[in-house]
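Number of protein chains: 2
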Amino acid sequence: MENKGISNAVIKRLPRYHRYLGDLMAQGVERISSQELSARMNVTASQIRQDLNNFGGFGQQGYGYNVAYLYQEIAKILGLDRENSMIIIGCGNFGRALAKYKNFANRGFVTLAMFDVNPEKVGKQESDIPVHHIDELAAFLQNHDVKIAVLTIPREEAVKVAEVLVANGIKAIWNFAHVDLDVPADVVVENVHLSESLMQLSYRIADAAKCRK
Amino acid sequence: MENKGISNAVIKRLPRYHRYLGDLMAQGVERISSQELSARMNVTASQIRQDLNNFGGFGQQGYGYNVAYLYQEIAKILGLDRENSMIIIGCGNFGRALAKYKNFANRGFVTLAMFDVNPEKVGKQESDIPVHHIDELAAFLQNHDVKIAVLTIPREEAVKVAEVLVANGIKAIWNFAHVDLDVPADVVVENVHLSESLMQLSYRIADAAKCRK
Numbered sequence: 001m002e003n004k005g006i007s008n009a010v011i012k013r014l015p016r017y018h019r020y021l022g023d024l025m026a027q028g029v030e031r032i033s034s035q036e037l038s039a040r041m042n043v044t045a046s047q048i049r050q051d052l053n054n055f056g057g058f059g060q061q062g063y064g065y066n067v068a069y070l071y072q073e074i075a076k077i078l079g080l081d082r083e084n085s086m087i088i089i090g091c092g093n094f095g096r097a098l099a100k101y102k103n104f105a106n107r108g109f110v111t112l113a114m115f116d117v118n119p120e121k122v123g124k125q126e127s128d129i130p131v132h133h134i135d136e137l138a139a140f141l142q143n144h145d146v147k148i149a150v151l152t153i154p155r156e157e158a159v160k161v162a163e164v165l166v167a168n169g170i171k172a173i174w175n176f177a178h179v180d181l182d183v184p185a186d187v188v189v190e191n192v193h194l195s196e197s198l199m200q201l202s203y204r205i206a207d208a209a210k211c212r213k
Numbered sequence: 001m002e003n004k005g006i007s008n009a010v011i012k013r014l015p016r017y018h019r020y021l022g023d024l025m026a027q028g029v030e031r032i033s034s035q036e037l038s039a040r041m042n043v044t045a046s047q048i049r050q051d052l053n054n055f056g057g058f059g060q061q062g063y064g065y066n067v068a069y070l071y072q073e074i075a076k077i078l079g080l081d082r083e084n085s086m087i088i089i090g091c092g093n094f095g096r097a098l099a100k101y102k103n104f105a106n107r108g109f110v111t112l113a114m115f116d117v118n119p120e121k122v123g124k125q126e127s128d129i130p131v132h133h134i135d136e137l138a139a140f141l142q143n144h145d146v147k148i149a150v151l152t153i154p155r156e157e158a159v160k161v162a163e164v165l166v167a168n169g170i171k172a173i174w175n176f177a178h179v180d181l182d183v184p185a186d187v188v189v190e191n192v193h194l195s196e197s198l199m200q201l202s203y204r205i206a207d208a209a210k211c212r213k
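Protein chains in written order, with our numbering: chain A, 1 to 213; chain B, 1 to 213.
Treat the hints with care, since some could be wrong.
Subject to a maximum C-alpha distance of 20 Å in a straight line, what follows is the list of computed EDC-like cross-link-like pairs (lysine to aspartate or glutamate) [unchecked claim]: (1) A:K12 x A:D51; (2) A:K100 x B:E196; (3) B:K160 x B:D186; (4) B:K12 x A:E196; (5) B:K210 x A:E73; (6) A:K121 x A:D135; (7) A:K12 x B:E190; (8) B:K102 x A:E157; (9) A:K210 x B:E83; (10) B:K76 x A:D81; (11) A:K102 x B:D23; (12) A:K210 x B:D81; (13) A:K210 x B:D186; (14) B:K171 x A:E196; (15) A:K12 x B:D180; (16) B:K171 x A:D207; (17) B:K102 x A:D51; (18) A:K171 x B:D207; (19) A:K12 x B:E196; (20) B:K210 x A:D186; (21) B:K160 x A:D23; (22) A:K76 x A:D23; (23) A:K160 x B:D23; (24) B:K12 x A:D180; (25) A:K102 x B:E156; (26) A:K210 x B:D145; (27) A:K171 x B:E196; (28) B:K210 x A:D81; (29) A:K12 x B:D207; (30) B:K210 x A:D145; (31) B:K210 x A:E190; (32) B:K210 x A:E83; (33) A:K210 x B:E190; (34) B:K102 x A:E156; (35) A:K76 x B:D23; (36) B:K102 x B:D81; (37) B:K76 x A:D207; (38) B:K12 x A:E190; (39) B:K100 x A:D81; (40) A:K210 x B:E73.
In case anyone wonders, no lab produced these hints; they're calculated from the structure.
Make the full structure from the sequences, and use the hints.
Quick look at the structure:
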């Protein structure tokens, strides 16, 4: 069963709903209308209703949304109700920063191991996570249930490592390497290209400067 | 003058054109047709022509694109032909990883200073970048021409610091804090919400698993 109807734009908005509902819960808000949520999130109420209707609605006419219930349902849609075991390939600055980020583990994204080629790093621990040699990657994948592989290595190596990952059953890659990975259709890739994000900001600066002229 | 016609989708694709053209140059390719570029980039040739026509085209019937020229023109559109001075607020794991990333400086994104509250970090250097106390932020902004402020601090502090940034003339924020910043219309914000990216990946895993059933 494929959710043909769920567009990328909707998927991109779901985590933001999750964040705002979490904030509302923390503030003790028990129910909210789509109008109130709309004002907080700066999107139209009809967009909110449309987005949520993709998954069954969750709202009640005249009542609005039950915040805790909607939060929980969106968490389920996002797959946050189960553990997503991860490995991080690359024990450089970004790999280590990701390993140290506690919020991932809090949401069920638990890093089982890191991999690197540097003999000064291999065999040690990074934020309590063991660092293995990249040559042990295939064996590790065969012996562990890994859901997500995070790539924080240079682009040339990323392409080769992605092949090892796919050959050993990995179906999800969080890719920080500055390259488009060519993977089979059943493997999902989420790219974080920081340089491209920075270039988009640079474009907007140049464009805004033109407008001020 | 506002480029009303340039959609976000086009802006998001520009850095990718820049990357592929840089790779082609590195491979010694001097000219390329939109068909060949299309096959490499996995987008349609008509999309490429449409995207580039937003900025004047750059191609010649029967010749295609001159790679070096197009690379340079896209760099200009992206504002990479000038220096974009940055400061990084937050000397934690991500802030330090960004400070160490040499590719930013290579593209003209030069970090002038970092800011933190931790007395163990303030007054020292991080990858040759001086770390100042956050209380010195306003004075620093008045005395330096800073184009981009990078926020790698917790969300509560990010909201307050963004106010200081805006009050002191910052027009561009690269925001890694997990919050939507409420800034005036002439301030551009580019968000990198890593948790949300990871949740999107998690959604796609759950969705793909449904399809395999």
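Against the structure, the hints:
no.	hint	result
1	A:K12 x A:D51	holds (11 Å)
2	A:K100 x B:E196	holds (17 Å)
3	B:K160 x B:D186	holds (18 Å)
4	B:K12 x A:E196	holds (8 Å)
5	B:K210 x A:E73	holds (17 Å)
6	A:K121 x A:D135	holds (14 Å)
7	A:K12 x B:E190	holds (15 Å)
8	B:K102 x A:E157	holds (18 Å)
9	A:K210 x B:E83	holds (17 Å)
10	B:K76 x A:D81	violated (46 Å)
11	A:K102 x B:D23	violated (36 Å)
12	A:K210 x B:D81	holds (15 Å)
13	A:K210 x B:D186	holds (12 Å)
14	B:K171 x A:E196	holds (19 Å)
15	A:K12 x B:D180	holds (14 Å)
16	B:K171 x A:D207	holds (12 Å)
17	B:K102 x A:D51	violated (40 Å)
18	A:K171 x B:D207	holds (12 Å)
19	A:K12 x B:E196	holds (8 Å)
20	B:K210 x A:D186	holds (12 Å)
21	B:K160 x A:D23	holds (18 Å)
22	A:K76 x A:D23	holds (17 Å)
23	A:K160 x B:D23	holds (18 Å)
24	B:K12 x A:D180	holds (14 Å)
25	A:K102 x B:E156	holds (17 Å)
26	A:K210 x B:D145	holds (18 Å)
27	A:K171 x B:E196	holds (19 Å)
28	B:K210 x A:D81	holds (15 Å)
29	A:K12 x B:D207	holds (14 Å)
30	B:K210 x A:D145	holds (18 Å)
31	B:K210 x A:E190	holds (18 Å)
32	B:K210 x A:E83	holds (17 Å)
33	A:K210 x B:E190	holds (18 Å)
34	B:K102 x A:E156	holds (17 Å)
35	A:K76 x B:D23	violated (41 Å)
36	B:K102 x B:D81	holds (17 Å)
37	B:K76 x A:D207	holds (11 Å)
38	B:K12 x A:E190	holds (15 Å)
39	B:K100 x A:D81	violated (35 Å)
40	A:K210 x B:E73	holds (17 Å)
In summary, the numbered hints that this structure violates are 10, 11, 17, 35 and 39.
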